[in-house]
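Colleague: The chain contents come next:
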Amino acid sequence: MPTIILDRSRVTRRIKISDKELNEVLFSLKAESKEIDRQYIEVEVNTDRPDMLISEGIVRAAKGILGLEKGEAIYRSRTSGLTFNVSRVRTRPYALAAAVYGLELDEEGLRELIQFQEKLHATLGRKRKKVAIGLHDLRKVGSDSISYIEVDLSKKFVPLGHKEEMSVKDVLVNTEQGKNYGEIAVSGSSMPAIVDEKGDVLSLPPVINSERTRISTETRDLFIDVTGTSFEAVAETLDVIVANLGEAGGVIGFVDVKGAPVTISPLLRHTEVKVPKSYVNEVIGVELNEDEIVEHLSRMRYNTQRGDSYVKVVVPPYRVDVISEIDVVEDVAMSMGYNNLRPEIYVYYRKGDTDLRHDLISQVRELLIGAGFLEIMTFVLTHSSLLMGRYAQIKNPISDYFNAVRNSLIPTTLSLLSSNQTVSMPVKVFEVGEVVISPCDSDTGYCNETRAAAAVMDSEISYEDIQAPVHSVLKSLGLSPRYKRTASPYFIPGRVALIMHGSEEIGILGEVSIDWLNRLNIEYPVAIGEIYLDALLRVLKGKRD
Amino acid sequence: MLTETERRILEHLSKVEMIDDLQLSSSLELPRSTVMSTIESLKLKGLVNIEEIVKSYYEVTEEGERRLREGMPEDRLLKMGRVEIPKAKERLGADFELAVGWAKKKGWIRVENGVIVPTVNTPMSSEILELKKIKADPDYAPDPDIVKTLQLRNLVRRKVVKRLIIRITSRGIKALEDSKSFNYVGNLTRELVISLRNSGGSVVLKEKNVEAEPPELTLGRKHFFREFLNEVRETLLEMGFNEVYSGYVEMEFYNFDMLFQPQDHPAREIHDSFSVEGFGEIRDKELLDRVAKVHKDKWKYEWEPGVARRLMLRSQTTATTSRILSTKPLPPARYFTIGKVFRPDSLDATHLLEFHQLDGLVLESDYNFRRLLGTLKEIFKRLGVAEVRFKPAYFPFTEPSVEVYGFIPQLGWVEMAGAGLLRPEVVQPTGVEGRAGAWGIGLDRLAMLKYGLSDIRDLYSNRVDFLRKMRVEL
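Quick note, the sequences are listed as chains A and B, same order. Counting along the first sequence from 1, when you hit position 350 you're at 542 in the numbering used here, and nothing is skipped either side. Counting along the second sequence from 1, when you hit position 141 you're at 214 in the numbering used here, and nothing is skipped either side.
The set of hints was computed from the structure by calculation and includes no laboratory data. These figures come from a predicted structure and were not determined experimentally. There could be a bad hint or two in this list.
[What the hints assert, rightly or not] Partial list, derived from the structure: chain A residues whose beta carbon lies under 10 Å from chain B:
1) S220
2) K322
3) I568
4) L712
5) I714
We put the beta carbon where it would ideally sit given N, CA and C, even for glycine.
All chains should be modelled from the sequences, with the hints used to inform the complete structure.
Modeller: Pasting the structure below:
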């Protein structure tokens, strides 16, 4: 979840509230706060509420839940006289723009605005891949017509934080932002850019702005460009930004747009959701009347219109999380307070069903413990070099070691023995666990199987050290196992057998080969057996029927 | 019953009638401390009498030792026969005066014109004879007159010691006789049991140091974390939930798409789950179409079936919940699954690449949020978390969404579960009727709290020693 750092006075000077109350309010708004020092707090905001990634958004929501302001906040707006021309940009075709006038940015306000931009990049912007935001000091733009175009990589400008002119290519190759974000937008020899009337670069989305239009505490009026790969996301992001600047006291300026699906931006788009009153009550499990529903909605900063059996909810432009009625219902529940909702007494009628598989697992565990084996739980993930036959290989492993899913318990049990050679002998261990085998008849081509492995490690080992306990376990389960000579690289030739029940293979056991002991750096001889519990289950079910 | 040492002491006492502790110690070659403690215990049983006596004896001095070696001065003088004084002086040196004095006193010599003349023939003084006897036997009682002379001449000195005089009692004799009919043996054997049964005899087993620590024995034991998972499982079964499973290798469709997570959702990025080579096959085409439609309509993007068919290691057991929904269960229904999930993470005290989750699903025609809260409260109550608190939350597939915090005495409020009513966008495409509540609980953290572990790696410890010694929780 994204976290933001706030100067708490930017909240508490707008709403008179103690630190503890602020905590509670944030808790009931899905957020969580932690004190950093006397001035700053760290707030964790849920990803569905990008509008709360800045003090203004938090204050707006808090005012509602505290009952200080209800219904949708009204922000001043006007026309800007600016024109934004969107031409064909192949990698990021969508762009919108807005102006905001009359801001008063102090140091903290400026820091938070830049933080807001970064957090939106990370969330709605999907690390700038989907959406990128450019913030400019409008007075420094010095032009009424601004364009979104492709520029050649040889085009020069002074990037933000630099003193010298650089070519676009230089920026992409030699700056940190260029290296991080250039690749997602560059197309052949061209790069998207926001330019003024004269063609001078104002920003190079999604990489960097120009030094020329840098915002500072002197900035009063902003020009905002939002570009990206999804028109929806571009429009939503711009709405979220201008609404919060409106909350900060700015006047939203509409820009004429050319070459886009709309002619004016920001869209400040409202949507309407018709919520049946009965739906609210049925979902939450309460009996609110219409007045109460409307009251809760207005505390969540919605304007509403009453219908016969429903309430029409007007969703403000910044509430990009509202997809359907159910989202509005959640807001009613939040306004009521989750902890004020009396949990219904849990009612149940009968014990749940499980299957024979689990009974078998329990019995096998009991029997192996009776045979003196210590239960272990090893990781399902292991290294592919320890596996034989087909297995699920991880395409994007995070460590050199864990790059495959085990298809047998033998290698993970041997790994464990390898790291336990200094304890008192003998070491007798077992695991009942899942492996993944392939091919198999499932829609993924892979199947989980439950197996049991038991192993003995001692200064001297014989085949019977593992055959005897395994045999006893199987006989206790009512089976008459037979052993059939086989060969397997894990085992010493002539000291390994398949465990058979009739024609069904139910396991394998034997003495571990010297080659495998060496591979795993095991200095003691080991005997190991693996029982296939799924096969066993088939046999046992067959016997039952 | 006599111990081995007791029996040996009684045996010896029965032969000597009485003996002191020192003699006993040297005769039986036992440390004096063992003798002292054993006779004390014999005395308590009434098998011996102990009498403390003060005993005096004479000890030969160094002077006495010298005289024993060299002879008494007067004896040496007399052996010279007639002898001129200067010659006798020369031969006796410093002892000359003593020799002449004592010889005169005993009337053994006279002096005529500077010549010493013996008057008797037997030049052996009684002092030497007594000294020899005293030295040979510390208990020898010497002639009182001679002792006076010996002390006067600094040849002996008197010594006083305390001794324990031990005598066997009649009960002691009886006990000794009784014990002779027993055989002392080390370990009982089957042969011995049978032979004693047949012969009617008896044996005494040698005593062992029963208070010493035994050698280490390793037990076959259940794994504590597996036991915890079983307790949780039993709890859900008791509450009327049916147990279900699904595989580790999963299609993104069930792990994400069915759960209304858009294909460009950050949680679906490559570094947030493990991918597996290959594609699965979504066999229910109707379901596929409806899921595709809901993504297109609600998230407004081009949904790609190829992405949904990609294989991965499931990152949440909610994938199992998707699998259940895809079978169109009829309400009312309750399901749970406990299983491993996989996420690429750094391995540290709080993160592993694989860990356990519990996912639950309740489907009822009129299920509601308050009932879900009641279900969650009941689960946690049964898992031992009496106090819970609900926090609004966000998950892509539930609305309203809630996080459950449990109160843990030492830690305060700890986040324990994510839950919510499944969104209509999740339920409707499956064709399932009714409303559903779902939740996921991370079981590793709960187990760590229960077992007081601060490192998640201890739950999957590969250290046999740790598992052998792990305390069993009641």
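Colleague: All hints are to be evaluated individually against the structure, with a verdict given for each.
Modeller: Status of the hints after comparison with the structure:
| no. | hint | in the structure |
| --- | --- | --- |
| 1 | S220 | holds (6 Å) |
| 2 | K322 | holds (7 Å) |
| 3 | I568 | holds (6 Å) |
| 4 | L712 | violated (13 Å) |
| 5 | I714 | violated (13 Å) |
Checked against the numbered hints listed earlier, the structure breaks hints 4, 5; every other hint is satisfied.
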